[in-house]
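Work out the full structure, taking the sequences as your base and the hints as a guide.
Here the protein sequences come in this chain order: Z and P. Each residue of the first sequence is one higher than the one before, counting from 1 in the working numbering. Each residue of the second sequence is one higher than the one before, counting from 396 in the working numbering.
Keep in mind the hints are simulated off the structure, nothing from the lab. No false leads were slipped in.
Short, incomplete list of chain P residues facing chain Z, as computed with Cβ under 7 angstroms: (1) M396; (2) I398; (3) N434; (4) A449; (5) K458; (6) Y463; (7) L508; (8) Q527; (9) C528; (10) P636; (11) G637; (12) N646; (13) S659; (14) S660; (15) A665; (16) N666.
Even glycine gets a Cβ: it sits at the ideal position worked out from N, Cα and C.
Here is what each chain is made of, one letter per residue.
Number of protein chains: 2
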Amino acid sequence: MHIQDLTFARRFDGISGSAIREIFKMIAKPGMISFAGGNPSPAALPNDELAPIARSVLENDGKRILQYGATEGYPPFLESLRAYIQSSLGVSPEAILPVTGSTQAMDLLCKALIDPGDTILVEDPSFLGNLQCMRLYQANLVPVKSDAQGLDLEDLEEKMKRFHPKMLYVIPTFQNPTGKTLPLERRKPIAELAEKYGVVVAEDDPYRDLRYDGTALPTIQSMDTSGFVVYLGSFSKVISPGMRVGYIAGNSGIIRKCTLGKQSSDLHTANLTQAIVDAYLRNDQLIPHIRTICLGYAEQMHAMLDDLRSFPEGTRFTVPEGGLFIWVELPEGIDTKPLLEKAVERHVAYVPGTHFYALGGHENTLRLNFSNASIPQIHEGMDVLRSLFQETLAL
Amino acid sequence: MHIQDLTFARRFDGISGSAIREIFKMIAKPGMISFAGGNPSPAALPNDELAPIARSVLENDGKRILQYGATEGYPPFLESLRAYIQSSLGVSPEAILPVTGSTQAMDLLCKALIDPGDTILVEDPSFLGNLQCMRLYQANLVPVKSDAQGLDLEDLEEKMKRFHPKMLYVIPTFQNPTGKTLPLERRKPIAELAEKYGVVVAEDDPYRDLRYDGTALPTIQSMDTSGFVVYLGSFSKVISPGMRVGYIAGNSGIIRKCTLGKQSSDLHTANLTQAIVDAYLRNDQLIPHIRTICLGYAEQMHAMLDDLRSFPEGTRFTVPEGGLFIWVELPEGIDTKPLLEKAVERHVAYVPGTHFYALGGHENTLRLNFSNASIPQIHEGMDVLRSLFQETLAL
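Okay, structure coming up:
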């Protein structure tokens, strides 16, 4: 047989790769102003602090760090992580599993729960990386209506009744891609609906600590008494995405299945990266670091919001209180997907909004990231986009 | 609904967790002599060398290491890894993907290739961790007969014809659990059968560099001209398992699907651990390190083999040329599974052989690891086992 006749598993039918990562290759040329991706600012990456930590954890506990570890996690990190969750979220979850970022958390939850054809309810739009993960488990993705504040509870209950979903995937705080935050009064009802209909809620909350305006809200999980709400946390946005450290926290039965799945997925998260985050937490370096990076991010966000106010008439955009993204809806008729190529020619990149919709459409939308460009770059890049969209509308 | 009524995905039916990892919890008490597991010797873990490296890679390339990386790997590591593979295996594979150990390599290959019900041919016995991984993909595991040298080629072809398998999983060098090495004359025919029947061969080769006697053999992949043989490499046994760095190398179409799968599994392997292995390779530290650790492992293996020669009459065992394991077959009628509890009471642990057989049975076998105990501990532990088995046979 010829290797080109090899057939792959059916889960890959129709899967071509994350649009963001393909866009990233396209824009990996010097001089590009990127509003695509969700990269932290280079200034926000604490390499000066982590370099000596990396050395000292290996000096102090090297034999244990370099040996096989438990799937359940590096013991000192489990301790500091539990304390961090308790103080940051005000809850003490039944079980916690360190993972290699919330991408793996999603993969393990799907592995634990999803048979081909099972329904997962998703926000509309939602994070495209995790939509792809769900598609690889051959899930049936059903979008739930959103309004200006996020998930529409009536439509959510209606779809829980109608589709008997296995899971609801929600990013309640500074959502990716919209930047919206689900208000307090919608949080508890989601936990209640989860219990009523037996639906696991995957509460993906990587942006929570990046708040620039307003006040923090309790997590959906903190209002859950049933065990159906699972919390996905990540240190990617507040320490380093390249370290790949995050966690799942929640009901011990669900975490146990995720642990079994992880045993066969990668055995355990690297002890070294767990030990580094552990030391960063124990040294009380995280909170001051977050405070510092939020100052910069707030300026970047407000600069981009200011620029958006002079975009072509009919342009609508979200005004987030934190996170990394602003969502833009251009006047009808404009299609941001073919326009991306022209933007890239002018050295500016964004992600066309259609990629974030489980069922496509919404061609006049785009996602803008403000964390990975300086203020002058933001102004320069936004000028380019404003002109490009104006020209296109004038055609 | 009550959380206890939550049903998990069907892939978990009958999956209870790896026997080795459960045994590990049982034996995690001080004073235990462990012949279970496949842990490198603590002395073989280069913490003194890696501590300054961890610091210096973050000092030299910290902003890139802490940022999101490409699923395809950390660019400097891709370079040094390709050079290492070329010099160590004498081949230059079409494509290479860094992964978090060969456990993830297996997971990604299954994700790429296996639909529920697809057949995977496995050695009998084989590595139980990866058998569990395949079961989670709901594969139909069909064991192929082995003789004293490894896979029986006649039975292999017979089963390729009969079961139309998607994959053959083979550990050709110092096999886990038997320590056997597949002779040269059986390697090329496996590559030829793979092409003839269109079966992907997963050649899992983590022990290759741990050779104490005899001479190195070419890999199956080096004799493959079709692209059907995929090579799984790992730095777990020669640098550190806790770092979680390995790779898959082979046909670019297969690696491309694994890369897509990895994108949704964990986005990318931690840049820091890739950068550390990269520096270790570039500093030419790996080859002298392997030479040193092989000296110690050779002594440990020969000490254990010597002790086995005075085991009860009728005991058979393999005499490996390298690796970490010796396989023992006790006289018929003895069952090593219930005996493990008694051994642990006497502070000695091993893995009952039955766990390594896809279809169970073979209750009179066990796997012994010699790398994680000192020479005096080996003699002490083997004395305990000898007495225990003698007593049991005398009953």
